[in-house]
Amino acid sequence: DTGVSQDPRHKITKRGQNVTFRCDPISEHNRLYWYRQTLGQGPEFLTYFQNEAQLEKSRLLSDRFSAERPKGSFSTLEIQRTEQGDSAMYLCASSLEGLSDTQYFGPGTRLTVL
Amino acid sequence: AQSVAQPEDQVNVAEGNPLTVKCTYSVSGNPYLFWYVQYPNRGLQFLLKYITGDNLVKGSYGFEAEFNKSQTSFHLKKPSALVSDSALYFCAVRDMDSNYQLIWGAGTKLIIKP
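Residue numbers (my numbering), protein chains in the order written: chain A, 72 to 185; chain B, 4 to 117.
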């Protein structure tokens with residue numbers, strides 16, 4: 072399977088703990104996006120990488136959230152001191168640079184904060 | 004500011020009947036429009052996109068969408084619905100002001116009844 076993969080698929084944690092999610096994009100894709108989705112809502116943009124550079128971060132994203140893409144391949148999203156409001160599906164997407172590029176999504180990581 | 008609206012929270016269609024899922028948009032400049040489908044507990048799957056050219060765009064699984072510039076709409080259609088088409092459908096527009104992130108509608112739940 073050469074699609075976008077995410078790990079883990081599910082994560083249950085206690086409030087205050089740190090969690091880290093991984094995303095492996097489609098191999099030739101140089102753009103990588105993180106979104107958050109809550110039940111019944113459309114995805115909410117979190118951050119975006121082009122190669123290893125983080126080009127944009129949502130103003131809605133608190134300082135507890137950080138993302139990296141150190142070698143321009145896989146990416147990690149870390150949430151520090153998790154809160155119950157962080158419970159959501161975290162989606163990763165990748166695309167090949169271009170004005171009309173299409174984002175392809177992974178299966179998501181479902182986070183539950185108790 | 005660019006935006007997308009999906010006016011129907013839910014659409015119910017009998018199997019074998021044609022279906023339409025509505026989407027309207029507001030952008031400055033030319034719109035780049037997308038449709039995605041999401042099955043329960045899954046990531047988003049790309050269906051089709053409009054960039055330029057023919058107003059009728061054909062996509063995956065027999066879906067098509069009609070771009071109407073005067074009505075600022077991009078409705079998703081299928082001539083004959085299948086029960087397996089039941090899912091959550093999202094319309095999105097490329098944000099040309101912000102590193103090409105997608106701006107999403109709230110989603111429409113499509114229910115196909117046998």
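Hints are computed from structural coordinates only; laboratory data are not their basis.
Cβ coordinates follow ideal geometry from the N, Cα and C atoms, glycine included.
Incorrect hints may have been included.
Said to hold, decoys possible - Some chain A residues close to chain B (C-beta under 8 Å, calculated; not the full set):
id	residue
1	Gln112
2	Phe116
3	Phe136
4	Ser144
5	Phe145
6	Gln155
7	Ser158
8	Ala159
9	Leu162
10	Phe176
11	Gly177
12	Gly179
What are the numbers of the hints the structure violates, in ascending order? 3, 4, 5, 6, 7 and 8
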